[in-house]
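S.K.: Take a look at the letters that make up each chain.
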Amino acid sequence: MMQRLHKTFTELKKEGRKALITFITAGDPDLAATCDLVDVLVAAGADIVELGVPFSDPLADGPTIQAASTRSLAQGTTLKKIVATVKEIRRRTEIPLVLMTYYNPLYRYGLEKFIADACAAGVDGLIVPDLPLEESAELRCLAAAKLAVIPLAAPTTPDSRLAEIVAAGRGFLYYVTVTGITGTRTTLPAELAASLDRVKKIAGELPLAAGFGIATPEQARVVGGHADAVIVGSALVEIIARHGATAAGRNELGERVRALRHALDG
Amino acid sequence: MSQKEGIVALPDARGYFGAYGGRFVPETLMAALDELTKAYAVYRDDAAFQAELKEWLATYCGRPTALYRAQRLAAELGIREIYLKREDLAHTGAHKINNTMGQALMARRMGKKRLIAETGAGQHGVATATAAALFGLECEVYMGEKDIERQAMNVCRMNLLGARVIPVLSGSRTLKDATNEAIRDWVTNVGHTHYSIGSVVGPHPYPLMVRDFQRVIGLETRAQMLEIGGRLPDYIIAWVGGGSNAIGIFHPFLADDLKMVGVEAAGSGIASGAHSAPLSAGEPGVLHGSLSYLLQTEDGQIKEAHSISAGLDYPGVGPEHSYLRDQGRVEYIAVTDDQALSALRLLCRTEGIIPALESAHALAGVAAMAARLKDQIVVINLSGRGDKDVATLAALDLKEGK
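Protein sequence lines correspond, in order, to chains X and F.
The opening position of the first sequence corresponds to residue 7 in this note's numbering, with each subsequent residue numbered one higher.
The opening position of the second sequence corresponds to residue 75 in this note's numbering, with each subsequent residue numbered one higher.
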């Protein structure tokens, strides 16, 4: 049901607002807690929730999300159980839900079966960080209009390639703000605003979301000035690493998301 | 094109060997892989580049390496003739230098100032550090903490050669995790850094490029066999971790009428689950940039491998081996830690050669197949020397009260 994504971006655009996309690792500290943490994210003003599927070898991720994956896997989290959790979350909210997963768990699940199960559960989109354009044709073909296969672009992506990525992309374009892995940064690249403006032109109608390294409300505000959406992950996962899903953890998570929301809405 | 010639012509333009290979990496690396693919396409056919590489391999690395007829070993195993391709005699003590010289020369021509590498046993790390020292490049090597402990001598060698060894504490603290960290480094520093991958694994063009740099082993073996006996061998046998030494000696013979056997590490035994034998007991999947046989769970998580040999302690294998397995062109078997140790001792005793624990797996494969090989002429790729494993062996002797 990628309509939910489309509807969110259309409404925000009408209101002149930017989307806040929040990432947490599913199953950290456990899958029951994930449902509650999504409630917190929604109540605090997130527009889209991205759930990370833990993988043993997350090579695009920095230490924070690596550690979250390890905690989640230790609880016995699997892609199958995450799909079941999404079904649970869907009983509570209509917020667009996107799964971020490395390719191997998906490949093992079976692409066709996964798309059927994920759609039935209420997943709206899929981000696969180790599946570039050249390797994603089968997944995109099977997903068709049912599930948005959200493409990634990086500072190293040439413009001609970016146009091909955009043409094949659905949902939104995930622009990786730094040449590097996930994780909070105290400073973002000086040329980021100019890069986002250039990418935005090529992205056309496909909403542009910027992620990797964005942690603070101030960073979100600046990046939001040049993109349709801002993605925050490691900064939220760090809170869960410290407090789990305790009341203190939920409070701090909610406060952080509200602060990000406030900064984006100006 | 005949079926055999078709096999030799792979990979295709997208880096596929049949269903295996490809490029499963973050978008950040795609431009660098395109650049590398284009550069390699030029250097592969560039006479000046190939001549320079050949010159370094001859004058610096000691190539061609000897093809030695091991008569006492053959007598002991009851096999007609055994020849050892003595890659242990190449500079730095293993076949790994063939690849790192090629990659470092390319990196230099592409204007990259820094080399990074992953290493398990430390042989590829040493070989990369060596090439970096020779060509004045900065070098950092990722190595699992567990491997740093069991391969202390190679850590010392890398330090002497001016490389920085970065301990990897994540996951199983072995080669798989060192590879993850090296890829993360490359994603971050892709502009000025060349990632010198140590085996025929990773995204296209690495499985092709590393194979081509290792083909020198098989090309020399062919010429040497023809010179010695005027004929090709009946069998060629090599160990398979990532699979670079094996593909290096197999590839120039793929279209010939002879048998090839790849030997994986069965560790404590395939049934125990503690092994490193994806071709014997794994399923296809994606790790470190390519689709190939893998040790993994039902849910697609990568399993930890086990082998007494650090160079074999890896849950994946090069995509070309997966293809050759499915085609039935190469037979893959697995031998245990104990079989490898016995074979190591046998070679020491009969021929006065201490092989690397990795190479001992190839010898153990031959020992296991001895009845079948009775009337055959066999070439074994003796990929490296065993000095680095002496501490491991001494600790085992101590444990067994020898």
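A portion of the hints provided could be inaccurate.
Footprint (simulated), chain X over chain F, 3 or more residues, beta carbon under 8 Å [said to hold, decoys possible]:
1. 205-216
2. 307-317
Below, simulated DSS-like cross-link-like pairs (lysine-lysine); rule was C-alpha separation at most 27 Å, straight line [said to hold, decoys possible]:
3. X:87 x X:206
4. X:87 x F:377
5. F:128 x F:220
6. F:128 x X:119
7. X:86 x F:377
If you're looking for bench data, these hints aren't it; they were derived computationally from the structure.
Quick reminder that beta carbons are idealized off the backbone N, C-alpha and C, glycines included.
S.K.: Now tell me if each hint is right for this structure.
M.R.: Checked hints:
1. 205-216: Violated, because only 0 residues of the stretch 205-216 of chain F bring their Cβ atoms closer than 8 Å to Cβ atoms of chain X.
2. 307-317: It is violated, with 0 qualifying residues against the three required.
3. X:87 x X:206: Measuring from Cα to Cα gives roughly 36 Å; hence the hint is violated.
4. X:87 x F:377: It holds: about 19 Å lies between the C-alpha atoms, which stays within 27 Å.
5. F:128 x F:220: violated (36 Å)
6. F:128 x X:119: With a Cα-Cα distance of about 51 Å, the restraint between residue 128 (chain F) and residue 119 (chain X) is violated, given a limit of 27 Å.
7. X:86 x F:377: Roughly 18 Å between the alpha carbons, so the hint for residue 86 (chain X) and residue 377 (chain F) holds.
Hints 1, 2, 3, 5 and 6 from the list above are not met by this structure, while the remaining hints are.
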